[in-house]
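Required output: the full structure, derived from the provided sequences and hints.
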Amino acid sequence: MGYVQIDAIAVIERAHHHTIWNRCPDYQPSFLNDLMAVDRDVFEHWAHAIAYLPMADFRFYMRRMEQRRGSESAWLREWKTAHPQVLDEVLERIRTEGALTSKDFEPPPGAKRGTWWDWKPAKRALEILFRQGDLLISARERFQKVYDLTERVLPEWVDTRVPSPEEAARFHVRRALRAYGLAQAGEIARTLTIASRPLIVRAIDELRSSGEVTRVEVDGLQAEVFALAEALEPEIETNGNIAHLLSPFDNLIIQRDRMKRMFDFDYTIECYVPPAKRKVGYFVLPILWKDRLIGRLDPKADRKTGTLLVKTLLFEPWFSDFDESIPSLADALASFARFNSCHAVTFDRIAPTGHKRRLKTLVRRALAGSV
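Going left to right, the sequence shown walks through residues 241 to 611 as our numbering numbers them.
Check before you lean on any hint, since a few could be wrong.
DSS-like mimics (lysine-lysine), calculated; alpha carbons at most 27 Å apart, straight line [unchecked claim]: (1) K540 to K517; (2) K551 to K519; (3) K363 to K343; (4) K540 to K530; (5) K540 to K551; (6) K517 to K596; (7) K551 to K500; (8) K500 to K530; (9) K500 to K517; (10) K600 to K500; (11) K517 to K551; (12) K596 to K544; (13) K600 to K551; (14) K343 to K360; (15) K519 to K500; (16) K551 to K530; (17) K500 to K544; (18) K596 to K519; (19) K320 to K343; (20) K530 to K596.
What the hints contain is simulated information worked out from the structure, not anything from laboratory work.
This structure is a prediction, so every number in the text was calculated from the model and none was measured.
Structure below.
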């Protein structure tokens, strides 16, 4: 995948854990913390958003870190003018005391908590130093970032040679195509923040000339679509009659326009939509069945009662293969409930109607069979 996006919303298990669990059913949330804080196989930084990234890829993000240090925005220059010593003081304190969280830095007297623009100076300094590569996240404690000097977090085996812009662009193209299989140039460019769009286009041309990347035709799409040549050689093996409930931040669906073009799936997460305008609910999960996105649901894990609440479950208007899909969906819901430490599932609205009783019965049997 190349990265896993981090998100703080916790109405169900957080998105980064959810995304990995869908691909590794034995996954437990503690694994990711161990990979970062103990094994040092992953690190946190910016892909298209804040994400967990393979430590082996670290060098390809160094150029972006250096750019953030060298090209300051107007607000950052103003902030540094207003707080000239804060960056040095924060860095020196971590150097002397070891890894710290933002809570270890007391705000100035009378300061109020608020958005990024109202953050206490030390907290903003931590994020600036993190973005420009002076600090890394060494661990998370109850989702709280623990900052440390980059040189104390990086394992000795990490290659820290800064790649040329052209090398970084080729890496970017390879990473995106391994993740997506098929992608247009714009989709490749939006996957990470390693290279600019012009460099991406140039890298695609270079990799096509060498035979590593090839152009493919997709029925119904006029734009150029690319793939790694090696990905087209084997037969694609499907997972059979299996359903997955995807995180809104899952790598497969994070580019909404791509999902609409490739799978005719028009999707909105809706937690950022005013309640009166929501069509499904707060935290909408797409339903993947076989190789089709067949619906969406709005769940919430009630951890006090151990119940997964399915507030809304809507199938796509065109979908009609309920006899085959509902048993698979019931298994997926039971597995998802267990992943969220729930032992029961309740349903409110299901559309089209007529499937609630069967779905409830099958989910209850699946949960009972797992005890």
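Hint-by-hint comparison with the structure:
Simply put, K540 and K517 have alpha-carbon atoms about 19 Å apart, close enough for the 27 Å limit, and the pair holds. A hinted pair counts as satisfied when its Cα atoms are at most 27 Å apart, and K551 with K519 qualifies at roughly 12 Å. Proximity of K363 to K343 is assessed by CA-CA distance (about 8 Å); at most 27 Å being required, the pair is judged to hold. A threshold of 27 Å between alpha carbons decides the hint, and for K540 with K530 the separation of about 24 Å falls inside it, so the pair holds.
Annotation: proposed proximity of K540 to K551 holds, straight-line Cα distance about 8 Å (limit 27 Å). For a cut-off of 27 Å, the pair hint linking K517 to K596 stands: about 25 Å separates their Cα positions. A threshold of 27 Å between alpha carbons decides the hint, and for K551 with K500 the separation of about 25 Å falls inside it, so the pair holds. Proximity of K500 to K530 is assessed by CA-CA distance (about 18 Å); at most 27 Å being required, the pair is judged to hold.
Simply put, K500 and K517 have alpha-carbon atoms about 21 Å apart, close enough for the 27 Å limit, and the pair holds. At roughly 31 Å between alpha-carbon atoms, K600 and K500 are farther apart than 27 Å, so this suggested pair is violated. A C-alpha spacing of about 16 Å is found between K517 and K551, which places the hinted pair at or below 27 Å, so the restraint holds. At roughly 24 Å between alpha-carbon atoms, K596 and K544 fall within 27 Å of each other, so this suggested pair holds.
At roughly 13 Å between alpha-carbon atoms, K600 and K551 fall within 27 Å of each other, so this suggested pair holds. A hinted pair counts as satisfied when its Cα atoms are at most 27 Å apart, and K343 with K360 qualifies at roughly 11 Å. Between the alpha carbons of K519 and K500 the distance comes to roughly 17 Å, so the proposed pair stays at or under 27 Å and holds. Restraint check for K551 and K530: the C-alpha separation of about 24 Å stays at or below 27 Å, so the hint holds.
Between K500 and K544 the alpha-carbon distance is near 37 Å, which puts this suggested pair outside the 27 Å criterion. Taken as a hint, the K596 and K519 pair is honoured in the structure, with Cα atoms around 19 Å apart against an allowance of 27 Å. About 21 Å separates the Cα atoms of K320 and K343, which keeps this hinted pair within 27 Å; it holds. Taken as a hint, the K530 and K596 pair is honoured in the structure, with Cα atoms around 21 Å apart against an allowance of 27 Å.
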